[in-house]
Structure formats: structure tokens, C-alpha cells
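**Student:** Read off the chains here:
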Amino acid sequence: MKNLVILGAGTSGTMMANHLRPKLYLNKWNITIVDQYKTHYYQPGFLFLPFDIYSEDQVKKVGKKFIPKDVKYIQKKIEKIIPEENKVELEGETLKYDVLIIATGCKIAPEETDGLLGPLWKKDIFDFYTYEGSLALREKLRDWQGGKLLVHITEMPIKCPVAPLEFAFLADSYFRDKGMRDKVEISYVTPLSGAFTKPTCTTALNYLLKEKDINIEIDFAIEHVDNDTKEIVDYEGRRIPFDLLVTIPTNKGDEVIEKSGMGDDLNFVPTDHNTLQSIAHKNIFVIGDATNVPASKAGSVAHFAAETLTDNILLYIDGFPLKKEFDGHANCFIETGNNKALLIDFNYVTEPVHGKFPFAKIGPLSLLKESVLNHWGKLAFRWIYWNMLLKGIAIPFVSRNMSFKGKIFDIKPEKNN
Amino acid sequence: MAVKTIAGVEVKVTDDGYLEDMTQWNKEIANEIAKELNIELTDKHFEVLNYLREKTIAKEALTIRSVGKSGIVDIKQLYELFPKGPLKFSSKIAGIPKPTSCI
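First to last, the protein sequences are chains P and G. Each residue of the first sequence is one higher than the one before, starting from 1 at the first, in this note's numbering. Each residue of the second sequence is one higher than the one before, starting from 1 at the first, in this note's numbering.
FYI, nobody ran anything at the bench for these hints, they're computed from the structure. Backbone N, C-alpha and C fix where the C-beta goes; we use that ideal spot for every residue, glycine too.
No more than 27 Å apart at the CA atoms, straight line, and that leaves these computed lysine-lysine pairs for DSS-like: (1) Lys178/P <-> Lys148/P; (2) Lys76/G <-> Lys107/P; (3) Lys282/P <-> Lys55/G; (4) Lys69/G <-> Lys80/P; (5) Lys84/G <-> Lys252/P; (6) Lys340/P <-> Lys60/P; (7) Lys84/G <-> Lys210/P; (8) Lys59/G <-> Lys259/P; (9) Lys69/G <-> Lys259/P; (10) Lys76/G <-> Lys252/P; (11) Lys324/P <-> Lys59/G; (12) Lys69/G <-> Lys252/P; (13) Lys252/P <-> Lys88/G; (14) Lys59/G <-> Lys323/P; (15) Lys4/G <-> Lys35/G; (16) Lys84/G <-> Lys148/P; (17) Lys59/G <-> Lys282/P; (18) Lys76/P <-> Lys60/P; (19) Lys55/G <-> Lys324/P; (20) Lys210/P <-> Lys178/P; (21) Lys178/P <-> Lys340/P; (22) Lys252/P <-> Lys55/G; (23) Lys230/P <-> Lys183/P; (24) Lys252/P <-> Lys59/G; (25) Lys80/P <-> Lys252/P; (26) Lys230/P <-> Lys210/P; (27) Lys69/P <-> Lys23/P; (28) Lys69/P <-> Lys28/P; (29) Lys252/P <-> Lys122/P; (30) Lys107/P <-> Lys59/G; (31) Lys230/P <-> Lys76/G; (32) Lys98/G <-> Lys252/P; (33) Lys84/G <-> Lys230/P; (34) Lys107/P <-> Lys69/G; (35) Lys259/P <-> Lys55/G; (36) Lys324/P <-> Lys98/G; (37) Lys391/P <-> Lys96/P.
Now the stretches of chain G that chain P is said to cover, found in silico as 3 or more residues with beta-carbon under 8 Å: (38) 52 to 66; (39) 79 to 87.
Please construct the entire structure, taking both the sequences and the accompanying hints into account.
**Tutor:** In C-alpha cells, the structure reads:
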């Protein structure tokens, strides 16, 4: 018997277990998946928890439910990967593998920024990238009296790069609905040179910030948080005061990657952009947020990547060359508040464009334009996530590679230095 | 894309003024681009520029964080050398492509 081991039962790992089990003979291949946690979180829901749009039970389920029955699920901490010996050490157990899939994701590392974990952490400084952080922020917002709200990104890359902006938009709607928008000053602070990570988006969508009265501070690379004066300070000494700081701390890959000496300076695993094979070891493949590929760290990207990776693992096992197929395709809804949303579709090299999706000229969804239908799409996605995506069921009419049909290339990115 | 004469040499540049071909770069070109950005280059600047060029040739992605760990400068010093654009301005002066903030 041969062994295929998947590390991590998050979005990517769970999808890979579901894709591969029906395709690998039961009498030839064992599949084992390892994750220390019992709960599988619907992470896109963390954006909605603070605003009381979703409740706790809508964003979590028991992870094992989504793992096929012929896959062995081990709920233990992963201690170390030893690629030279094709072994993974767990708490009190060692697994041998023939093929390894690393799907250990990424998480926030607030300790990377001086002063972030100081006396104001969880008092006036919050994150919403963890379940606990998101819930704590909900409690804070429920009776916050207003003041200066900063929505802040520490450094790129981060998981779901559009989430901070969505947070700012939703905050605008939330405080309007509460009749206290005039008491809240919202600023969006980014290390990038524009609100959006893609220049075409900045060109097409900057009006949204004006419309929602959100200030923007660009090129701000945080050096530390001053807990005494309640300010964030950048490397040039620029200071921005806050009453409530909602920050996206540095994102890093799992510490097991660091312990195993397999990551870059942020613990992301160097991975071939198009085949998803690890650069260092031929029998190791990497998917989702754990990779260093320059695509968004997002569920949709993992979904498209999983289809390519499934084919490539089957090719690898049979000794064929791998497909250089993955193009970094991402497809993201962006909540803009007031029950509207945008949809963007892009890949490694092509920026988001106008057009209709998924059917050329017909839609029904519009790309890069606000609509109520897109908002419904975003909410429907939670159902799709639990019922289709995790199970590895292809989403109808949406292909793994970006399609150029029905797309209109009419936006020139803004020029800047 | 356009052709621009920098320090007496005709070079191909992008719309943003970044060199299209990093092999066309030399110290005089660096000095002239730096002047446009109000930066006077010192030996320390050139240490950083050479580091950036080496990493680009090695196809390694550059971030402020990685330059800060280069052993040449820390992030604070990088900002002091290239105010307002530690990575954008240094890349422009080093004759390498504009840094992409991926995603």
C-alpha cells in the first residue's frame, strides 16, 4: 500500500481529500488527513460576524463531516515534516508518505508588530481574521459610542486581500443603520499605493470610498503601535490616531513550515506557480494559503488550484509530466454595504475587468460593478461552500482557468510611481 | 513603453519610468533617476541597489521585509535612504521592474 498524506483539513485540504479519494484505488492508496482542530470554520463569514449579519453557528461545523469515510482523519498537532525521509512527525506518532500535500494555510502574526499586543489589544485594537477576534469585535461594536475607526493592513500578502475594504464598507452601512454615522470617522490605512491591490480596481472603484465618506491613507508601512497616545506610527514617523483600530496583522504560514525549514521569511512554501509542486521536493505538493504563489490567498483560488492539483497528483503517481496549468485564477465577491456587492475575476497576469459572469454578455452577474444580485451571490456562496466547494464538486460554468469571453478590457490602470 | 535618454544613453522605459531592460542600467543612469526623485546616492544606496539587482536576477520576489532582513539595511534605514518609496523608488533607481504588490 502507498500513502498519501494531507496536512491540514481546512478549505484546501478538505477539497483535496474529496477530489482524490474517488480517483485513487482503495487497495493501492491510503489517504490520511491531519489537523489538530475539530472545528472547520467558514472563514469568509468572519467578515460578517462583527456586524451581526451572521451568527456563530453559521460559520462553524465539525470538520470531520466533510472528510470522505475512506480517508483516515487524525486530529493531532503536526510537529515536523522531514522531507529527506518522507516522514511527518505528529504528537506521539510518525507518518510515512509517498506523496505529501501541504495545506496548512496561514494565520495572523500580531507579534510581528511592536505594540500591537500591548495593553490596548482586544480593548481598542481588534482583528477579524480569527473567530475569537471577530466575536470580540462584535461585542465592542455593539456598544461603541463612536470616534476614529481605522481599518488597517500591516503588510502584504494577506488572506482575502479585499476583506479589509469590505469591512470598511460594511462598517459604513452598520453605523448608518444605527443612526450614528456622523459620530464615526472611518479611515482605511494601507501599505499599498491605492485602496485596491489591483490598479484597475482602484481606477474603477475609487468612487466608492468617496460615496461612503471613507478617508484613505496610502503607503503607510507600520513600525509600531503607540499604546499611550493611541496612534499607529510608520517607518517615517507618520502618526495616525485612533479610538478603535481594526487591524489585519502580518500573515504567516504555519510554524510547522518554519520548524521543518521549508518556508520563506513568512513561512510560505516555495511552490511552482503553474504545477503546484514544491520547488524543493518532487513528491510534495502545496495548495492554498500555505504556498508562496503570487495569487490571492482565497477559497476561490484554492478551489481552482485543487482541480489542477488533483490532475497533477494523478499524473505524478503514474510518472507523467505535470500540467503547467494553474493561472492564479481568483473570483471574489466584494461586499460594498447596503446589500450590494461587486464581483471581480482575475489571474496572475490579467487584472480584473468589466463584463458579465459566468456567461458572456448574459451574466447574470456583472463584473466590477455594484449590484444587489452580486450581494445575493456572496450570501449564496456560504451554501455553495459547505455543500459543493468542500466536497470538491465543480461549480457549474465556472472554469479553473480564467475565461476571456464576455470580458471588456476598457480600464487603464492609474499611473503612479 | 517609450524610449528615454538618461545619462546620455537611450533606454527603454515603462509608462511609469522603470527600465524595461535591466541590463541597460549603469551607475550614471542610477544617479540621474535618483536626482529626479530628489535622492543623492551614496555607497550605502548602491549596496542596496546591487542587492535588489542580484535578487531580481535570481528571480526572488522583493518585499520591504526581505530587504530589511538582507543584512545591508533594516527597514528604518531603507526608508531613510529612499524616503516615500523604499521599494518603489529603490527599484526604479536599480533599473529593475516595478515591484508588484501581488494579489
